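Student: These protein sequence lines are chains A and B, in that order.
Residues in the first sequence are numbered consecutively from 1069, following the working numbering.
Residues in the second sequence are numbered consecutively from 930, following the working numbering.
Hints in this document: simulated from the structure, not taken from any laboratory.
Quantities reported herein were computed from a predicted structural model and do not represent experimental measurements.
Treat each hint with caution, since some may be false.
A partial selection of chain A residues facing chain B, derived with a Cβ cut-off under 10 Å [claimed, not checked]:
id, residue
1, 1084
2, 1380
3, 1381
4, 1384
5, 1386
6, 1388
7, 1421
8, 1424
9, 1425
10, 1426
11, 1427
12, 1433
13, 1445
14, 1447
15, 1452
Straight line, CA to CA, 27 Å or less: simulated BS3-like cross-link-like pairs of lysine-lysine [said to hold, decoys possible]:
id, chain 1, residue 1, chain 2, residue 2
16, A, 1091, B, 1193
17, A, 1089, B, 1162
18, A, 1359, A, 1147
19, A, 1116, B, 1099
20, B, 1118, B, 1025
21, A, 1073, B, 1193
Residues from chain B that keep clear of chain A, each with C-beta distances beyond 10 Å, as calculated [claimed, not checked]:
id, residue
22, 963
23, 967
24, 986
25, 1036
26, 1038
27, 1098
28, 1121
29, 1213
30, 1225
Yeah, the Cβ is synthetic: ideal placement off N, Cα and C, and Gly gets one too.
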Amino acid sequence: MNDVKSWNEAINRVLEPTIIKTKNILDNYKYLYDIADKLRKAKEEVIKNLGYYIDKTMKSVEMVGGTSYLARDSEEARKIIGELVGTNKKIVMGKSMVAYEVGIRQYLINMGNEVWETDLGEFLIQLADEYPSHIIAPAIHMTKERAAQLLKEKIDPNIDESRSPEDLVKSVRKFLRAKFLNADIGISGANAVAADTGAVLMIENEGNIRMTSVLPPTHIVITGIEKIVPTLEYGFYEVMVQSAFGSLYPPTYVNLTAGPSSTADIEHNRVRPAQGPKEFHLILVDNGRSKAARDPVLWEALLCIRCGRCYFHCPIYKTIGPSWGIPPYNGPTGVMWNAVIRGLNNKNVGETAMLCVHAGGCKESCPMKINIPEVIHYIKTLYLRSL
Amino acid sequence: MLKNIIKRSLQENMLPLPISKSVCHKWASGLNLKKDSDTILYTSCLYQLIPYINSFTEYMEKFNVSRGHFSSLIPILSKFSFLLKPKKELTEKSEKILRNIVNELSITINFGYLYDEEPYSGALLYELGFEDEFREYVKKVVEIFKSNNIKKIITIDPHTHYILKVVYPKVVNFNIEVVNYLELIRPMKKANLSVVIHDSCLYSRFLDMHDTYRKILDNMSIERKEHQVFTAKDVGGCCGGPIESLAPEISRRIAEIRVNELSKLSKNIVVVCPICLANLSRVPSNVNIIDLAELF
Ligand code: SF4
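With the rest of the complex left out, here is chain B (with noise of 0.2 Å):
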């Protein structure tokens, strides 16, 4: 079953799938961030995963995966990860929201990158419920940081974010400094944009960063509509993406009503979260998918 297929790539190549490591850090050639900094940029993989991930949806959905029957699937994609064929427009889309995320942040704060060394957080094992599998895999990231004398780590991404600021100091021994970029940054760049945004569940709701990036918006003279029901923190608007790879149908049939009522709202949806990004894309409509960062 899926943990079979997420623990093996986990083994592997420190990954939830079973891809190659250089996808990950492929984004990152030419902009010489420093290897050495004890201040990193922490991507997780999560945004570079993203093509990859809807890829591994649609297998899962066109065989036919229903709840919990994942054994015919192990196989073929664990041996076969060619299979797992990204789109070019999503693969670009998420180099273009990193490489937005290290301009506007370099403004502020020097930092480096651990490129090939950067481990994945293991947020996916703990969201499914894996907590036995988590905690034995986060001792071997936090080794990774040691090594690397890491005090503080910048992320970019609410699920990596929520684990390593909320999760990780349950777990184990954990004493480096956690911030998210989007408490660092200010871009001054002005749009003349009318956008509606789809909040991250944990940004706003396990976080309390509800405002944080609708002030970003603010500054930048985005318009953004709001809605008492459908953009209210309280309102649990989600994107589907965490049970994307259990239930898959029900995965896009969340996002499809979601894209559908916030569309009535604007037909800018603004995301902040690379899941967010991924699982509303799978909806075909005539809205457009918009990273926060890709507005910088």
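Bound conformation, chain A alone (with noise of 0.2 Å):
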């Protein structure tokens, strides 16, 4: 994967066309860039008031007939996780960069449950037993004919190299179905919380978030705190925005879970479960967020909503790709949610702020209009001062 020649090649295809397309996409829905200062506003609001907005989020999600629950850390996640789950489970899961990050799908197999990444990218990188290159494309440094080579070994014999990308799809797509059918447990990441409704926001294109959200009986959602809006209008935004900077405007789906299924339709009395899942549950991580928040230049990061238009702006990940970061972070916004979560004292996460070229165009192409390279040049300061 760290193949630099396979990584040209691979980001050669994409990069272009994608930096054009957004910048259609927002010539196009010009109200955009409003929404982003908005929504910029409001999570500055809930940065500097986590604690509260933690504390609401929790108990609306409870108000709709959800659990919640707050990690501090990544062992406590898998912890929480795990005992939701048990053992001998059939598990999918929608895309989610919270539960690789705090270590889930390995966890939960070596508890001895069956787990399937269900989003496209994500499959492939579990098939090849990589780690994700990109934040919302994770198998961005797979070519078409290295996913074919792939899927044939894996899961269809019969699939060849000459084969479109639209029937590589549908071989997975025949293989995932059964896997949703069968699950017990469906786990997804979310784009936004919403403090005032307890309401999470998933946006995607493929539909497997949707089906890991309402086929299985339980359905759980990790995500970080930083994910947390003010209120469900907030979390509209959130969605919105992450999709068109992130290139892909409309988004094809935009799912929202607040608590387990339910209907009122007898006597018109709120009654649960209905036909989706029977338990809901969010687990809110926090994982270094928190300490981040209250520092002067890191809380920035805090803002960040996860679009990936940085890192196609950035020379260094054009360059050397996926394997400037720790995965599953990477890219421009990957030097700062290193520090994050693996602290500023790291030396990894020192090494690799180094390589910053301060190019700049991560922070012109930034949504949240964070200042990233301000954020990097802080952590090299941090890293060089402590050698």
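With the hints as a guide, dock the two chains, each given alone in a separate frame, to form the complex.
Tutor: As structure tokens, then:
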């Protein structure tokens, strides 16, 4: 995966068209800039008052019949999810960087569960036993030919390299359909969690998150505390901005989940469950975030809505790819995010920061106007001071 | 490690590389620039250093200096600075650029030059992240400006301009006016040429000067090829220069990719920064890397 030539070939196919696509979206839907500015303000408010908003979110989730948890670190998050899941379960997962961050998939497999990633990119990564190379396009380093070869080896011997992407997707669809239908538990991430209602928003294009969150009897959402927004209104802003700056707008699906499924069709009395899950759990992960929120410079990283745009505007990412960073966080935002979850005094984080050329494309392209070069400069300075 | 090379060199002769100070002002001989003017042209020795920087980077690459392992090089470089053999063409090129800038500026403004007293700005320390060392060093630089009664500084490259204009005021008491030569000149010469600009990251994305040098080219009737991605303001088309001393191979690869994408638009790549000039020139290719000032 770190092979320079194959990386360059893969990124060359993606970079230019993606940048143009996003520019066109932003030209066509000008209101997005406005919304992005409002969203930044709302997120600043949450970051300044994290304790209050975590509390409010957890209460709201309970109000709609769900259960909520706060995990201080990765270990605690694994423990919570391990207890919820148990063993011998069939699990489908929708793409979640936080799940990767705390090591959920491998942990649950080790406990004796069958776990499948259902986002196509993440599924390919799972089959290849690799790590994600971009926060929203995790298999961006894989060319079509490589994907075909991998699927042929792992799930469908009838596939050959000349197959079209449509054919490849069809094979995966067939394979994953069976997994969805038999799953006991669905685990997904979240793009936003609304503190006022406990509603969780998840955007996607494949339909896999919709199935992950509706078909299995239990739905678990795991996400970072920085995904909290004050109200549901801002939740919608976040998914709009994230998908647009992430180059897919409108997103094919916006999923909203507020608690387990319910019906009020008999005497207008809400009863649970109905057709969807009977259990809904929200795990909010801290893992360094609340500490970062108190840092005078690093706090800005928490504004990141993971649109992944800065990656494409960065010469270092373009040149050396996902190896610049520590999985699952790479690219410009990854330098900041590794400092958030691993600490500002982590040596590997410092070394990663040293490669920044402060080209500034990241700060120009970021919908949240995060001064990424400034944050990275700060990480560098602290690292060099520690040597 | 690298910090020691830079620090020692800065202590000894106020330059980031172990070379003789005369390298910095040789170019000005015969120009009769005044020494006692309160407005000065400030080169920060950057253009003059390009040939040496390239030779230094070559060494780093040759000795297979990988990230962070600089220790083996210190004794070699700090004792035998004569090993840094600059290429003659590059030296001539940088002298021509400096002289052209002087000629062009002289039309609109009076200024002097500090010759052997001109200090290096310390930009490299700051950019690498040696913030504490930088703060210490800057005090010395500002002292020199003060003792020469400098009121106005004309910078000629983006790194020095950014450091003086944006960073100095944050770290020291600094009330000298800083202007960039691109804001002062208006070259009249017309040229029948088609070029593509390789933007300076600092000018275009940190100093809001993306259009300043575009206008200069337009006034000179020079055609510029633009591309909605590769010459756009929000795309970080870096030359790789800032990490040439830390990770020379990656720096070279960035330069290769950059030259390759720009050469599809024009064989004449115009740069506005000595570091870009140095790093893009390392790539063997059939394109011309031209500093804007060479066109005056
Ligand atoms: S830092 Fe900004 S551009 Fe990069 S992923 Fe986050 S929100 Fe998107």
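Student: Please go over all the hints and tell whether each is borne out by the structure.
Tutor: Hints, verified against the model:
no. : hint                 : in the structure
1   : 1084                 : holds, 5 Å
2   : 1380                 : holds, 8 Å
3   : 1381                 : holds, 5 Å
4   : 1384                 : holds, 7 Å
5   : 1386                 : holds, 7 Å
6   : 1388                 : holds, 6 Å
7   : 1421                 : holds, 8 Å
8   : 1424                 : holds, 8 Å
9   : 1425                 : holds, 4 Å
10  : 1426                 : holds, 6 Å
11  : 1427                 : holds, 3 Å
12  : 1433                 : holds, 5 Å
13  : 1445                 : holds, 6 Å
14  : 1447                 : holds, 8 Å
15  : 1452                 : holds, 5 Å
16  : 1091(A) with 1193(B) : holds, 22 Å
17  : 1089(A) with 1162(B) : holds, 16 Å
18  : 1359(A) with 1147(A) : holds, 21 Å
19  : 1116(A) with 1099(B) : holds, 25 Å
20  : 1118(B) with 1025(B) : holds, 16 Å
21  : 1073(A) with 1193(B) : holds, 20 Å
22  : 963                  : holds, 36 Å
23  : 967                  : holds, 32 Å
24  : 986                  : holds, 14 Å
25  : 1036                 : holds, 32 Å
26  : 1038                 : holds, 29 Å
27  : 1098                 : holds, 16 Å
28  : 1121                 : holds, 31 Å
29  : 1213                 : holds, 18 Å
30  : 1225                 : holds, 27 Å
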